[in-house]
Amino acid sequence: MSAAASTGIAKYLPVYVVLLAIFFVEVFLSLRNFSTGTLVVILLLLAGGSASLGLMYFMHLAEERRSLFLTLIPVTIFVLLMMNMIWSDSVRLLHMRPFPQ
Amino acid sequence: MGQENKVSQAEMAIGPGHGAQMEESPYAIPSRKFTMWLFIISDAVTFGACLFVYGYLRVATPSWVRPFESESVITVILMTVILITSSLTMLGAVDCSKADDKAKAMRFLYLTMGLGALFALLHIREWIGLIHRDITIGSGLFGQTFFTITGLHLLHVISGVIALLVVGAKYSSGRLTPSHVETAGLYWHFVDLVWMFIVPLVYLTNVAR
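Heads up: the protein sequence lines correspond to chains A and B, in order.
Its first residue numbered 1439, the first sequence is counted upward by one per residue in our numbering.
Its first residue numbered 271, the second sequence is counted upward by one per residue in our numbering.
Bound conformation, chain A alone:
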């Protein structure tokens, strides 16, 4: 039996490899000539994918009751999306551009 299997981390190795692979894809994409906006969106989607894997398998959320997932995750996403509404205004103020009349 391998060292990884005997310590119980063998079952997490596929997730570990996928996380590293996603990261290397991110590095590769960052060296390509994308516009900043496009690059940010692509990298955010990939980061969201890795975070979901980490959340479900490293933090074992997939093994917990669904009620825990439903209590924590939708609320967090909602709060983050609502922040998205507020920050666009703060950037506009930073550049001293008031709302168009």
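Treat the hints as calculated values from the structure; they're not laboratory data.
It cannot be assumed that every hint is accurate.
[As the list claims (entries may be wrong)] With a straight-line Cα cutoff of 30 Å, these simulated BS3-like cross-link-like pairs (lysine-lysine) come out: (1) B:K374 <-> A:K1449; (2) B:K303 <-> B:K374; (3) B:K303 <-> B:K372; (4) B:K440 <-> B:K303; (5) B:K440 <-> B:K374; (6) A:K1449 <-> B:K372; (7) A:K1449 <-> B:K368; (8) B:K440 <-> B:K372; (9) B:K303 <-> B:K368; (10) B:K303 <-> A:K1449; (11) A:K1449 <-> B:K440; (12) B:K368 <-> B:K440.
[Said to hold, decoys possible] Short derived list, chain B residues pointing at chain A, Cβ under 8 Å: (13) C320; (14) F322; (15) G325; (16) L348; (17) V351; (18) W397; (19) A433.
None of these values were measured; they are calculated from a predicted model.
Just so it is clear, CB atoms sit at the ideal spot from N, CA and C, and this is done for glycine as well.
Got chain A sorted already, so can you dock chain B onto it with the hints?
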């Protein structure tokens, strides 16, 4: 006089052996684990706010500084591999502690702490490199956002290493249980998760061309 023998609901709740009278948790997890989840969610929102601010400023500023040369990219790759690997060793520590293999769990915990400390050292080295190139927290929007976000994360990593040290020492001496190790592990994985957003947004969108 019969009133003296009556026990109120409040007294029942604080009296010994009250656990059986309480409702079962709807999530079927220990309260400390649920508390850690709540902390993680609130911390995720904090990091989310910082990253949203950064994202808007980054996209809205055409003359943004792109200071990261190939050497910095290699350092960031190394740091990321170290942090993801530390999550794997943390999982090993949690699994071994649940299997009552205290010696192996401690070895994994020490490995996780070592990787965390190595990550912090590389991070500080990266900071020093930038400071030598006159990029500081007072040198403009890039410096302000970069040092705030990475500083907040570094603070989490250092706190995590200290927390693992304390939990490991107490678990080793039998004062804490595998459940405590698992809860500390949740925090460590969260620190790893946040880094997965910081790297692409703060480092990879600022590679020098």
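Decide if the proposed pair is consistent with the structure: K440 of chain B and K303 of chain B, CA atoms, cutoff 30 Å inclusive.
Cα-Cα ~18 Å, so holds.
W397 of chain B as chain A interface residue, shortest Cβ-Cβ below 8 Å
violated, 20 Å
Can we keep the A433 of chain B interface hint, with Cβ of chain A closer than 8 Å?
violated, 16 Å
Regarding the pair K303 of chain B and K374 of chain B, is the alpha-carbon distance no greater than 30 Å?
At roughly 23 Å apart (the allowed maximum being 30 Å), K374 of chain B and K303 of chain B satisfy the hint.
Are K1449 of chain A and K368 of chain B close enough, with their CA atoms no more than 30 Å apart?
Distance ~15 Å between K1449 of chain A and K368 of chain B Cα, so the pair holds.
Pair hint K440 of chain B and K374 of chain B, alpha-carbon separation not exceeding 30 Å
Holds - the C-alpha atoms of K374 of chain B and K440 of chain B are around 15 Å apart, at most 30 Å.
Given a cut of 8 Å on the nearest C-beta pair, is the interface hint for F322 of chain B held or broken against chain A?
Holds. Min distance 5 Å.
Under the criterion of a CB-CB separation shorter than 8 Å, is G325 of chain B in contact with chain A as hinted?
Nearest chain A Cβ about 6 Å off; hint holds.
C320 of chain B as chain A interface residue, shortest Cβ-Cβ below 8 Å:
violated, 10 Å
Within 30 Å, alpha carbon to alpha carbon, are K368 of chain B and K440 of chain B?
With Cα atoms ~15 Å apart, K368 of chain B and K440 of chain B stay inside 30 Å; holds.
Given pair status - K372 of chain B, K1449 of chain A, alpha carbons within 30 Å:
holds, 20 Å
Would you check the hint for K440 of chain B and K372 of chain B, treating anything up to 30 Å between C-alpha atoms as holding?
holds, 12 Å
In terms of the numbered hints stated before, the structure departs from hints 13, 16, 18, 19, listed from lowest to highest.
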